[in-house]
Amino acid sequence: MRSEATNQSPFEIAIGQQPLTPLALAGDYKGRSPLAAQVARSWNEQADVARSYLDKAGRKMKKWADKRRRPKEYNLGDMVMLKLLPQQFKSFRKVHKGLIRRYEGPFPIVAKVGKVSYRLELPPKLKIHPVFHVSLLKPHYDDKEDPSRGESHRAPTAVVRSYDKEAEYVLSDKIERRRVSQQRRIDIRNKHGEKLAGILHETGSTEIVIICHGYRSSKDRIPMVNLAAAFENEGISAFRFDFACNGDSEGSFQYGNYRREADDLHAVVHYFFAEKLSVAAIVGHSKGGNVVLLYASRYNDVHTVVNVSGRFDLRRGIEGRLGKDFIGRIKQNGSIDVRNRRGKIEYRVTEESLMDRLTTDMRAACQSIQQNCRVLTIHGSMDEMVPIEDAMEFAKYIHNHRLIVIQRADHEYTFHLDELASFVVDFVNKGSEHSLLSGRADEILRSRF
Numbered sequence: 008m009r010s011e012a013t014n015q016s017p018f019e020i021a022i023g024q025q026p027l028t029p030l031a032l033a034g035d036y037k038g039r040s041p042l043a044a045q046v047a048r049s050w051n052e053q054a055d056v057a058r059s060y061l062d063k064a065g066r067k068m069k070k071w072a073d074k075r076r077r078p079k080e081y082n083l084g085d086m087v088m089l090k091l092l093p094q095q096f097k098s099f100r101k102v103h104k105g106l107i108r109r110y111e112g113p114f115p116i117v118a119k120v121g122k123v124s125y126r127l128e129l130p131p132k133l134k135i136h137p138v139f140h141v142s143l144l145k146p147h148y149d150d151k152e153d154p155s156r157g158e159s160h161r162a163p164t165a166v167v168r169s170y171d172k173e174a175e176y177v178l179s180d181k182i183e184r185r186r187v188s189q190q191r192r193i194d195i196r197n198k199h200g201e202k203l204a205g206i207l208h209e210t211g212s213t214e215i216v217i218i219c220h221g222y223r224s225s226k227d228r229i230p231m232v233n234l235a236a237a238f239e240n241e242g243i244s245a246f247r248f249d250f251a252c253n254g255d256s257e258g259s260f261q262y263g264n265y266r267r268e269a270d271d272l273h274a275v276v277h278y279f280f281a282e283k284l285s286v287a288a289i290v291g292h293s294k295g296g297n298v299v300l301l302y303a304s305r306y307n308d309v310h311t312v313v314n315v316s317g318r319f320d321l322r323r324g325i326e327g328r329l330g331k332d333f334i335g336r337i338k339q340n341g342s343i344d345v346r347n348r349r350g351k352i353e354y355r356v357t358e359e360s361l362m363d364r365l366t367t368d369m370r371a372a373c374q375s376i377q378q379n380c381r382v383l384t385i386h387g388s389m390d391e392m393v394p395i396e397d398a399m400e401f402a403k404y405i406h407n408h409r410l411i412v413i414q415r416a417d418h419e420y421t422f423h424l425d426e427l428a429s430f431v432v433d434f435v436n437k438g439s440e441h442s443l444l445s446g447r448a449d450e451i452l453r454s455r456f
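When the count follows the working numbering, it moves up by one through the sequence shown with no breaks and lands on 456 for the last residue.
Since the hints were made in silico from the structure, they are not lab data.
One thing to keep in mind: the hints can contain errors.
Unchecked claim - Straight-line distance between alpha carbons at most 25 Å, and here's what the computed SDA-like set of lysine to any residue pairs gives:
1. Lys351 <-> Thr367
2. Lys437 <-> Asn379
3. Lys79 <-> Val123
4. Lys202 <-> Ser360
5. Lys403 <-> Tyr278
6. Lys202 <-> Asn240
7. Lys122 <-> Glu152
8. Lys202 <-> Ile116
9. Lys202 <-> Trp71
10. Lys198 <-> Leu365
11. Lys134 <-> Glu152
12. Lys437 <-> Ala402
13. Lys403 <-> Tyr265
14. Lys63 <-> Ser49
15. Lys198 <-> Arg223
16. Lys351 <-> Thr366
17. Lys79 <-> Ile116
Build out the structure end to end from the sequences listed, making use of the hints.
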């Protein structure tokens, strides 16, 4: 393609000649090479075929376009309506297309430009080129009975937006007051007189959600903090606390301790009952999931329970911490010391504390949960600590149960914290709605795999 400034193509400027193309070759080439002549003829034949198809397509398009085309000519002084498109004129691009009339005018014709265009007399406020194709015009017919009948009281077409007028009245108003959350530490005593340390995310709501941590964990682990923040964003107060012997709470660590931690949770629930708050749900992660289920099986005062990655068969998972033949060794020595990688003793497992875990029957606990208690179990499909089969066992024995498996999530939901929080908050928010429903539980909540 030649430049208007140099009258040469970029190739011609760089090389000194135009590139050789099929169109530059003569179809009647009679050189020494028969193959070259054949190629030249083939190129020209292909070019002719392409031209014929383009011509055919053009005629077809013209045929259908002409069916809708009506030849129209105007005289000088005729009044016409003008079609203005927002995408063509900058002065209308900031106006919503629903607020623009299809035609503006009327405007008088002052000159004919070429065969199919006309120059209009436009108002100075309409800063656009005054020459338009005939397809954008249509004749204007005056209303002889009432000339003012078609007048519009809308703002002038050139006005894009205006802020120079005061509001005459307000149709409606809405003031949105977001609850400001406050976090403060609260110490609650359990029935053994030990202080249970917790953090209250207070939003001023009348409902509160209690969040329980897992084995040798604390209220400050990321899943617990993230869940509390999610409820806080929903305007629901949340309380995350440390069980006795964990985190900032008092007491010495004991292996097992499932029933005792359920008692700790009972002390926390009744503390907030005494504060005139309604406990909307109890949520537990890992071992905390077992604790909230044990609580629901013993007490029927909280009707929404969320079990996140809890273990169904408590006989499993012990060998990984205590080693092989742990029962024989504990009977022989009376206890087993669990050491860290540096060889330092972290805690001691006694036969009594081991039996506390082995005799905790989660199947019986699940079957004891009342029908009016809604239970959600969430489990990661790639949980490296608790196999996903445990989650399916919970779904088998709890009456009013829903199961959600988060694909590719690990035990700590490292890359799925937002997804976890979304499911938990949604389930708790629907608690009041589901409490009004009646009928079979499997018709209310269906397991999702």
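Hint by hint, here is what the structure shows:
no., hint, in the structure
1, Lys351 <-> Thr367, "29 Å, violated"
2, Lys437 <-> Asn379, "14 Å, holds"
3, Lys79 <-> Val123, "9 Å, holds"
4, Lys202 <-> Ser360, "21 Å, holds"
5, Lys403 <-> Tyr278, "33 Å, violated"
6, Lys202 <-> Asn240, "28 Å, violated"
7, Lys122 <-> Glu152, "35 Å, violated"
8, Lys202 <-> Ile116, "91 Å, violated"
9, Lys202 <-> Trp71, "86 Å, violated"
10, Lys198 <-> Leu365, "24 Å, holds"
11, Lys134 <-> Glu152, "33 Å, violated"
12, Lys437 <-> Ala402, "19 Å, holds"
13, Lys403 <-> Tyr265, "22 Å, holds"
14, Lys63 <-> Ser49, "21 Å, holds"
15, Lys198 <-> Arg223, "21 Å, holds"
16, Lys351 <-> Thr366, "29 Å, violated"
17, Lys79 <-> Ile116, "14 Å, holds"
Of the hints listed earlier, those the structure fails to meet are numbers 1, 5, 6, 7, 8, 9, 11, 16, in rising order.
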